[in-house]
Structures are given as structure tokens and as C-alpha cells.
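Trainee: Given chain A, put chains D and X in place with the hints provided.
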Amino acid sequence: MTLTQILIFAGLGLLAGRLYRWLDRAWLLFAASVLAAFWLQPASFVRNLPYLLPLASLGLAALVWALTLPRRWNRQDAWAAGGLTALVLLVSASRFVEPLSALSPARPPGLELAAGGLALLAAAAVLAYRLGRGQAAWLNSGVLLLIGLLVALKSPPLAQATSAWLRGLGGQDPALASTLDLGWLGFSYIAFRLIHVLRDRLAGRLGEVGLRDFITYIVFFPALTAGPIERVERFVPQLQPGFVLDSAGLLAAGRRLLSGLVMKFVLADGLAFFALNPVNAWQVSQPLWMWLLLSAYALRIFFDFAGYTSIAIGLGQLFGVTLPENFTQPYRKPNLTQFWNSWHITLAQWFRAYFFNPFTRWLRGRGAPVWLVVLLGQLSTMGLIGLWHGITWNFLAWGLWHGLGLFAHNQWAQFAKARPLPLEPRLASGLGWLATLVFVALGWVWFALPQPADAAHVFGVLAGVGR
Amino acid sequence: MKAEIISKLNTYITSEILKRPDKTLSATEALISGGLIDSFSLVDLSLFVEQAWSVRLDDTELNAETFDTLEQLAGLIEARAS
Amino acid sequence: MSTPASPLRIVLKAALLFVLVNLLFAAFDPMPALGKLSLYNGLLPGRERLPYGDDPGRAYNLSLYSLKAMFASHQLHGTPKAANEYRVLLIGDSSVWGYLLENKDTLTSALNAAGLQAADGRRAVFYNLGHPTISLSKDLLILDYAMHYQPDLVIWPLTLEAFPLSKQVSSPLLQHNPQRAGALILNYDLPLDPADSAFVRQDAWGASLLGQRRNLADLLRLQLYGVLWAATGVDVHIPEQVERHAIDLEADERYGEFLPPELPETALALDVLAAGIQRAGETPVLLINEPMFVSRGANSDIRYNSFYPRWAYDQYRQWLQAEAERQAWHYADLWQAVDNDQFTNTPIHLTPAGTQQLAQQIATALAELFDLEKK
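Read top to bottom, the protein sequences are chains A, D and X. Taking the numbering used here, the leading residue of the first sequence gets 19, the next gets one more, and so forth. Taking the numbering used here, the leading residue of the second sequence gets 238, the next gets one more, and so forth. Taking the numbering used here, the leading residue of the third sequence gets 537, the next gets one more, and so forth.
The shape of chain A in the complex, shown without the other chains (with noise of 0.2 Å):
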């Protein structure tokens, strides 16, 4: 999101407060979120990808619905795919008309073009719906589905060859074909949000969900560029009627949006200057200024990140929704652990939920000893969480330096409770932090860095040898 785009969600949010008595807000939230999937979608050199990846986006998320609702589908739903249906057109047909043509970042493709794919669309839902409601084989399908796709748009030679293709279908030149070409907005969160319903249907723990909420719930606009991972069962009761937008609220949200755009657009765009990256490492050969630039891009990458969960979180607030935080305090946390459970928490949980406690489960239900299970569960976590950032190898070794740090953690905190260390607990407490920051500062030149080379060398520099 923009600057502008944020205060013209700002703004809407403002006025929807003064209109609630005459406005359904549930309602106002579905067609804002639907439309914003496509304004937000930013530009791509694919022909009509700009407005074909938000709409596959909101056609996933249709087919879900079908294939997890635990009921028949009711008269609100059919409101709900006519309205659908309607806004998608609506976009469609901004390429006739001049003052629409803000909607979407590129021209659309013709209507015949959207009506194909919104019919194709409809017929997988209804298919989906008719034969594979609730089954398991149809859930999984889906999951994997999900699954395919990330590993497609994240690991670079295959989002390379998808964009070929791609370009190939529309009569483009596939020998242009660049990985930056799919940037298909928020599909990394959309997907998680996806998988966690399908997965939850499985395990019988899903609640029911109208279609016009469930299409709010993935692509909730606030919510829809960098997350946060909401859980469909604490956002769904929230577009209950009965919301009122009072002083209290307002400024709480006006505060929280504050800082957010504070963090975002004053304090990590101003680290942004002098932050690690692939160039200024191999001009740096002073230890003291490379930990300044590490120090930087450690700073910069939390408050750009928390800086857009707030800004999410405040402009959530104003429509009356809560979204969960994503980051308490995590650089002031005293071991690795505690940093795991306020950095990036809704994704951190959401591998709880679904890798983590199960793979854990199934290894301790056939004996494996204590020390292997943590130790193979923090780094199939961790790795898969590194890979969830891409699939390099510079995403993984990140992962895994934090799956071996967490164990390490894990194993020394089991010492540490058998002999309480003769230290002051303050100051046990403060080298923990101080420890833990450095582990994490560290942990960052993977990710700041994709070649293993420039990795290498800016340890080696930080560490005072070799230049």
C-alpha cells in the first residue's frame, strides 16, 4: 500500500463511521475488499496479469468455500456470488469507462475475457461444491494445490518458466520473462489463510461461514498486501452488526495508524539508506561500519514489517475489526525463544498449528528421544518458515540458523534449570538479550543477502578478518 492508498482507506473508513445507521457494514467491507484486491494489485509486464491474478485470488477463495462449507449454500451466499460477480465485471468494464479506469493498475482484458474466466470460476465452485463438499481427498487436493502454487511463484527458475508461459499464452515474447513478473499480491497470506481453513475442515473444527464473509476473511484489504495471518474463527464474528465508530475508537485507531505510518514511511525507509545489501557489502571493509549497516537492516526490516501491521492493525480498527499483532517487542525478548513468539507471531503460530505440533506429536507417539525431536522439529519448522520468505538457498540457511538456535536454546535451557547459574537474575537476563540480539543480527546477513559469497564475506568482515 501507498501513502495515498492508505489515506484514502483512512478516509473511507471515516465516512463508512458516519453511515453505518444507513449501511450494512458487512456488506461495505465485502465490495471494499474485493475492489481492492485489484487496486492494490500492483502493475506487471504480463498482459491482463494485473487483473487475472486478484481474480484468481478471489476464485480460490470461492472454491474453498464450496469444497469446506459444512452446510447448503443459502440466499446470502447467492447475494454474495451475484455481488462477486458484479464487482469483477465492474472492473472489467473500467477499460469503457474513464473514470472507473482507477480501479485497476493496467487496463483489463475485454469482458469476454473476465466473463470466461468468472463462468470457468463459477463451474469449478459449483463442481467443487456438488461433488467434493467436505470430503477429505477434495480437501487435501486442495491443500496441495496451495501448496503447488506457492512453490511455483516463490522458487525462482519456476516463477521464471510459469511467467514464460505465461507471456507465451498472451502472444508475448517468452524470452522476457522475469521472476519479478508474478508479484501476486498478498498470494503468499491468501494461501496460508486458505490452507488454514482447509486443514481446520479436515480436523472437523470449522465453523460455518457465509460465502460473503469468507471472501472478506482472505481478502480483507487492510490485511491483504503483508498480512497479518488471521484466524477465520476470530475474524468472521466481527462483521457482526452493532459496530459504532466513537472518539475512543477513533483515536485508538488514529494513534495505531499513526505509528504504523511513522515506523513504515519515517523510520524504515530512513534506515533504508544506509541498510545492509548485496552492494554496499563488498564496499565495506571496516567491522565497526559493517555491524552499523547490519544494526540498520535489523531495524529497518522490523520497523518496515511491524510498521505495516500497525498501519494494518489501525485501519482494521476503524472498520471495527481487530486483526491480531504480529510483533511485541521481539528485539528486547531475553532468548531466542521468547523471540520466536512476538517476531512475525501469526506466522510463527500458524507452522505451530499445522507443522510443528503434529510433526512433534508423531515423533514422540513412536519413541524417538527427547533431543532428536527438538532438534528436528525446530529445523523442519524454521527451514520451512526461511522457505515460506522464497525458495532460495539464502531463505533456508536463514531457517535453519534459527532452527539451530532454537535448539540450542532448548538444550541449554534444560541444563540451566538442572544448575541455576551463580548470576544475578537481572544480568543472566540482560547477556541473554544481548546474546539473543547478536544470534538474530547475524541470522539477518542470510536474509539480507542472497549469494552464499557476499554472506561469507561480510562475516568474515564483521568477525575482523578478511576483506
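FYI, nobody ran anything at the bench for these hints, they're computed from the structure. Incorrect hints may have been included.
Stated by the list, open to error - No farther apart than 20 Å at their CA atoms in a straight line, the calculated lysine to aspartate or glutamate pairs in the EDC-like style are these:
(1) X:K910 <-> X:D656
(2) X:K911 <-> X:D590
(3) X:K640 <-> X:E584
(4) X:K549 <-> A:D264
(5) X:K910 <-> X:D688
(6) A:K435 <-> D:E253
(7) D:K260 <-> A:E442
(8) X:K604 <-> X:D788
(9) A:K435 <-> D:D259
(10) D:K256 <-> D:E266
(11) A:K435 <-> D:D281
(12) A:K435 <-> D:E266
Mentor: The following block gives chains D and X in isolation, referenced to the frame of chain A:
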């Protein structure tokens, strides 16, 4: 009933997880967000709960939001066991 | 207990406050004072040349318009003149600034490396005040400001491109300093129009916080880029591939708006040159006719290079020589001081080796004219 569950949980957590059998936890102490129980011990705790009360804690429930204190966990167990 | 305000009133109050802050900003005009605030020469080392950047993100350097901020970031500003310092300022265009050259390869660095000493034993220290636009008036603007730093000598390399009156006000630095430029025009009675529409004047809106946001951001960015300048010593981005200047030329006899046979002296900014020497006052100024590439390719009988047809440049050289003699200016014509293969993307930008050649020639001139000798 609830007091009994709390006491049993207390014994298990202090002896098996914290390795400090002499310690007593308060019923409202933050276990997860306070950093006393890590994610691995949480799975062990859920296995223990399953064994002791035949109550299943779902993988998605092992977090500070569902329960963070002995009081909350005991409440959950009580509600499901009945 | 206070009654809760309505959301609408909160928004209105915020908007009112915003307008008020903007009006106050415009009324007090803190930009000049802010320009002096600088992390350079304190927390960060001063820059070795004036801020300028075509590619700020890679050069850790950017172009801005506040002379105060530009000088505040320069090492000259943070270096009190020592008793044993013989201070030499270099002003001029991009070839002085060192376009496509690292700091260690600029003309200033080459002159400093020569280790020159004045007759009274003071050590000659050279400062790079070049700025990459070609205009004598822009040079005058910088010289006027730089005289506060007590130079003992000014070196002013020149080329014909800096002379046409029609080009004087085309430098953005000059356009965005209309008050200083206007004062210079009036004080020295220059043949330029202080009301020229190219000058960017500020209205009330432009003076507000909102109107000044670009300039404020520039000030801030200049400080922020300072960190990487300090950490890396980089202040210019040199692309790996640089397109060389043309060797084969068009059969074009025109020089800008001028046609052969005569380059009218009235269309050239000789007065600006004289004003600069007058502004320097007691401080001597060494004028140098810059080296340039001389083609032997196609149509080189018509043109010297892509900048100049032969007829115009020849007249300019003769005329500058005659004028220097008439007014008793210190002048060295070094137009062929550098080998022909030592020019980069334009006929006046030099390679490091070419810069060394020029520095040696200048050192010779300094020895002859000002008794600056290698010790």
C-alpha cells in the same frame, strides 16, 4: 474439580517441564507468553492432558491465545471432560 | 469528566492544526537555518566534492539546491584554515567535479598529491568545488559563496560551452537560487535578466511545510546518504559500460544558435568571467582553457568534436587569449594538454591518466605564475 486439575497440572509442569519440583505455579501465571513453556513442551503437555483426562487439545489450540494460565487450561479441560 | 468529542470534531481539529503548522512554517521560513544543520564535519566526515548524484541510490550522493546545505556537507566547511595552509579552491564544471571519476582520481586529488608549497613555505591544499553543469554564472554563484572560506588562490577551468548568454541560466542550481543570482546580476551589472522566467520563485504555498517537502526530504536524504559515504568512501556511481564520445562527426557547422563566420562577442558571458575575478578581489584567479578531444575522424575538417565546430572554437580561443592579455588575467591555455585517447563520455571528461596529465600542466603553470613548487 478445577482445583484438582490445577494441582495435577502444576505437579506435571514443575517436575517434568521446569524440572523444579519444589516450585509452585500460581493459577494465573502466564506460562506461554511469559516464556516458561516453549513450543516443544507444549506438545508434551498436550500429550499429558490427553493421557490424564482423555481430553484432546487440538494442534491449533496450543498457543497463548487459547490458554496461557493453569486456570484457563483447567477450564478448558473441565469443559471438554464433561 | 469531559464529554467525549465527536469523531468529526477530532478530524476537523487535526486538519486545522495541520493548516496552522503549515502557515507557521511559511511565516518563519526555517529552510535556510535548517540547511546549515548538518551531520557532516561532525558525526560524519565532510564530503570531498559538492553533493551531486545522477543515481543517488548507488552514488550515496544527490543533487540538491541549497547552497548552505551543499557547503555544510563539504570538508572545506569543516576545515579551519591553518596558519601553514595555502588554500586553493577549484571551481568549474563536471570535468573539475570529476564526472565518472572516483574521488582519488579527480583533478583536485592529483594536485594535492603533487605536494606543492608556496614560496613562504605554506603547504598548498586544493579543494574541489566543481559542480556538474556548464555555466559561468553557476561558477560565479559558487565562487561568491566560497569566498567566505578565505582562499589564497582560485583555479577556474573553462570551456566555450560555459560562455553563451543563452545557456547561463540553464543550470538548475542557479534557477533554484534566484535571490543570490539576482543579487549577483545587479551587483556586477551582468547582461542577464533577474526576472528571467527560468528562475524558480517561491510563492506563499511553496514556502509552507507542504510546499517545502521536497527540499526538506533532500536535506534529510543528504544526511542519510552520508552514512554510506562515510562507510564506503563512495560518492559517485561509475557504470561498467560507458559510451564513449563520438569520434566521427556530423558535417554541421552550427554552434548552438550561431552560424559561421562570426561568433558575436556580445552573445558571450565575458562579463560574468570579469565579475568572478572582481568578486575574488585580492585573491588571484587562474583561468584555464580546458583540454578537449580533437577528432581526426569523419568531418574533423569541420568540427573539433561533438561540442564545437572549428571556426567557433578557434575564435573563442583567440578571443579569450586576447582578453586575458588585455585585462592582465592569469591564464593558461591547456586545450591540448591531454592525449586524445584519454577522454571518456564527452569531449571534456577525462580518464584518471588524462587527469594526471592535466594536473602536471597546471602544476607547471602554478610554478611559473605563483611560485608554487614541489618541495
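Trainee: Between X:K911 and X:D590, is the straight-line Cα distance small enough, at 20 Å or below?
Mentor: 39 Å, violated
Trainee: Hey, A:K435 versus D:E266, does the alpha-carbon distance stay inside 20 Å?
Mentor: Status holds; Cα separation ~19 Å.
Trainee: Tell me if the straight-line CA distance from X:K549 to A:D264 falls inside 20 Å.
Mentor: 16 Å, holds
Trainee: Does A:K435 pair with D:E253 here, judged by a C-alpha cut-off of 20 Å?
Mentor: 11 Å, holds
Trainee: Hey, A:K435 versus D:D281, does the alpha-carbon distance stay inside 20 Å?
Mentor: 17 Å, holds
Trainee: Does D:K256 pair with D:E266 here, judged by a C-alpha cut-off of 20 Å?
Mentor: Since the Cα atoms of D:K256 and D:E266 sit roughly 17 Å apart, the hinted pair holds (cutoff 20 Å).
Trainee: Within 20 Å, alpha carbon to alpha carbon, are A:K435 and D:D259?
Mentor: 12 Å, holds
Trainee: Hinted pair, alpha-carbon criterion (20 Å max): X:K910, X:D688. Please report holds or violated.
Mentor: 17 Å, holds
Trainee: Check the hint pairing D:K260 with A:E442 against an upper bound of 20 Å on the C-alpha distance.
Mentor: 19 Å, holds
Trainee: Sort out whether X:D788 lies within 20 Å of X:K604, counting only the CA atoms.
Mentor: 42 Å, violated
Trainee: Quickly compare the C-alpha distance for X:K910 and X:D656 to 20 Å and report which way the hint goes.
Mentor: Answer holds: X:K910 to X:D656 is near 13 Å, not above 20 Å.
Trainee: When you check the alpha-carbon spacing of X:K640 and X:E584, does it fall within 20 Å?
Mentor: 10 Å, holds
Of the numbered hints given earlier, the model fails hints 2 and 8; all others are met.
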